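Protein chains in written order, with the working numbering: chain A, 1 to 234; chain B, 1 to 234.
No wet-lab data here; the hints were simulated from the structure.
As the structure is a prediction and not an experimental result, all values here were calculated from the model.
One thing to keep in mind: the hints can contain errors.
Each pair may be met inside one copy or between any two copies, as identical chains are not told apart.
[To be verified] Cut-off 20 angstroms, straight-line C-alpha distance, at most; resulting in silico cross-link-like pairs (SDA-like, lysine to any residue):
| # | residue 1 | residue 2 |
| --- | --- | --- |
| 1 | Lys147 | Arg210 |
| 2 | Lys147 | Gln66 |
| 3 | Lys147 | Arg87 |
| 4 | Lys147 | Ala130 |
| 5 | Lys147 | Asp196 |
| 6 | Lys147 | Asp132 |
| 7 | Lys147 | Glu55 |
| 8 | Lys147 | Gly41 |
| 9 | Lys147 | Arg35 |
| 10 | Lys147 | His206 |
| 11 | Lys147 | Leu79 |
| 12 | Lys147 | Glu77 |
| 13 | Lys147 | Pro205 |
| 14 | Lys147 | Leu85 |
| 15 | Lys147 | Ala7 |
| 16 | Lys147 | Gln78 |
| 17 | Lys147 | Gly42 |
There are 2 protein chains.
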Amino acid sequence: MNGQTVALAVSTVIFAARDTGPDGRKELWVPLVRRIREPFGGMWALPGGPLLEDEDLEASAARALQLTTGLHPGYLEQLYAFGGLTRSANADERVVSIVYWASIRADQTSDLHADLNVAWMRVSELPPLAFDHSDIVEYALYRLRNKVIYSRVAYSFLGETFTLAELREVHEAILGTPLDPANFRRHVLASGAVLDTGTRLEGTPHRPPRLYRYNTDLDLADLFPAGRTTQEKP
Amino acid sequence: MNGQTVALAVSTVIFAARDTGPDGRKELWVPLVRRIREPFGGMWALPGGPLLEDEDLEASAARALQLTTGLHPGYLEQLYAFGGLTRSANADERVVSIVYWASIRADQTSDLHADLNVAWMRVSELPPLAFDHSDIVEYALYRLRNKVIYSRVAYSFLGETFTLAELREVHEAILGTPLDPANFRRHVLASGAVLDTGTRLEGTPHRPPRLYRYNTDLDLADLFPAGRTTQEKP
Chain A
1 MNGQTVALAV STVIFAARDT GPDGRKELWV PLVRRIREPF GGMWALPGGP
51 LLEDEDLEAS AARALQLTTG LHPGYLEQLY AFGGLTRSAN ADERVVSIVY
101 WASIRADQTS DLHADLNVAW MRVSELPPLA FDHSDIVEYA LYRLRNKVIY
151 SRVAYSFLGE TFTLAELREV HEAILGTPLD PANFRRHVLA SGAVLDTGTR
201 LEGTPHRPPR LYRYNTDLDL ADLFPAGRTT QEKP
Chain B
1 MNGQTVALAV STVIFAARDT GPDGRKELWV PLVRRIREPF GGMWALPGGP
51 LLEDEDLEAS AARALQLTTG LHPGYLEQLY AFGGLTRSAN ADERVVSIVY
101 WASIRADQTS DLHADLNVAW MRVSELPPLA FDHSDIVEYA LYRLRNKVIY
151 SRVAYSFLGE TFTLAELREV HEAILGTPLD PANFRRHVLA SGAVLDTGTR
201 LEGTPHRPPR LYRYNTDLDL ADLFPAGRTT QEKP
């Protein structure tokens, strides 16, 4: 298992669904870091950097999250290792980047601290990023879209309790397409993925919507004829 | 993106479903390589080794497959990067292993070439492996089981055409549990994942079973209310 010496970096794609769209609809945002040196000086890149000697991969990804958002990860998962031969700007340098992705709950986004060299941008309006980071964000979004229906990932964008409209808007923000409210409601309730908390959203008009929570007992096992669940290993 | 210097290795978990069980039922097998030097000398380990300067990650994984089975990969996918601090036997050494997994079609297993230091073993009867490779195989199997229902992966174990019994036996070998033939048949046909080729298995008794092929047009999109498919990025 003796491996060749290759420069190794860890980067993290951090998604948040913020109520910044028309009528307060949710939109996907990611924090980016401005590069202060070459190559790609001045361009925006994913948070991250070299793997430190004394930290494992996930700790390195969590550190990037902490530095850019001030938050500890809720949902943090390894996405992919990118190791193409030509992805580094320096021909003498071989860099393999192990990329994680994380999500931040809506009720945490107010805690996001700002920094001249850290900016949150709409996923739908990203500028060209340094290195192959545009491709990495695109792939992270692709995987998030594939994952959102059959896993619990959508709930990681929400607080402990949420309305079905909030849950639908998270799906819409991730999938980038509107979903029929009635069909969505029927599908979610039929899946058994959520439980009615018996409480309703406060501070709302005369018919406050019900609040639900994720049903951790079920984990959408019903999608699987053999009774296996779709949950990734923690 | 300059990364720290860390030893990097690539290993590949190669699955094949072979007709070695009772009544010729399919069982999962993996090829292992005997270590000829310390640490863990004489123990079995996953095929793989250091990443070469001139090959990308997937090429390195494909090389391990070629060396141990003589085959070019059909299905080859990155599984996970393992980078724990204590996984190397040598305390001075930090090794990150990027692990791929591959599958071999049933009609290729006859091509497997043997080698004193390469052995195929039943997944259900593996000895303790070198390093953390036992955990890696366990995780690969966990992911394969989660993936088999909602993706095309089961078909990568089969030839271009197959009977529904063969398809069911691949699922049974992977899931490690018998499936009800009638329920399985109904589920598969209803999913639209397979197409009747109009031909039947030759050399079989008076009622030869129909041969099917994977429906590449559909990719089980029906599992997804929003119409997304479950396919991983190639």
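Verification of the hints:
1. Lys147 - Arg210: neither (26 angstroms within a copy, 34 angstroms between copies)
2. Lys147 - Gln66: neither (24 angstroms within a copy, 32 angstroms between copies)
3. Lys147 - Arg87: For Lys147 and Arg87, the Cα distance exceeds 20 angstroms both inside one copy (27 angstroms) and across copies (30 angstroms).
4. Lys147 - Ala130: neither (26 angstroms within a copy, 33 angstroms between copies)
5. Lys147 - Asp196: Neither. Shortest intra-copy (24 angstroms) and inter-copy (30 angstroms) distances fail the 20 angstroms Cα cut-off.
6. Lys147 - Asp132: neither (23 angstroms within a copy, 28 angstroms between copies)
7. Lys147 - Glu55: The answer is neither: 28 angstroms in one copy and 30 angstroms across copies each exceed 20 angstroms.
8. Lys147 - Gly41: neither (34 angstroms within a copy, 41 angstroms between copies)
9. Lys147 - Arg35: neither (31 angstroms within a copy, 38 angstroms between copies)
10. Lys147 - His206: Close neither inside one copy (36 angstroms) nor across copies (45 angstroms); limit 20 angstroms.
11. Lys147 - Leu79: both (12 angstroms within a copy, 16 angstroms between copies)
12. Lys147 - Glu77: Both ways: Lys147 and Glu77 sit 12 angstroms apart in one copy and 17 angstroms across, limit 20 angstroms.
13. Lys147 - Pro205: Answer is neither; intra-copy 34 angstroms and inter-copy 44 angstroms both fail.
14. Lys147 - Leu85: neither (29 angstroms within a copy, 29 angstroms between copies)
15. Lys147 - Ala7: For Lys147 and Ala7, the Cα distance exceeds 20 angstroms both inside one copy (30 angstroms) and across copies (32 angstroms).
16. Lys147 - Gln78: Both: 13 angstroms inside a copy, 17 angstroms across copies.
17. Lys147 - Gly42: neither (33 angstroms within a copy, 41 angstroms between copies)
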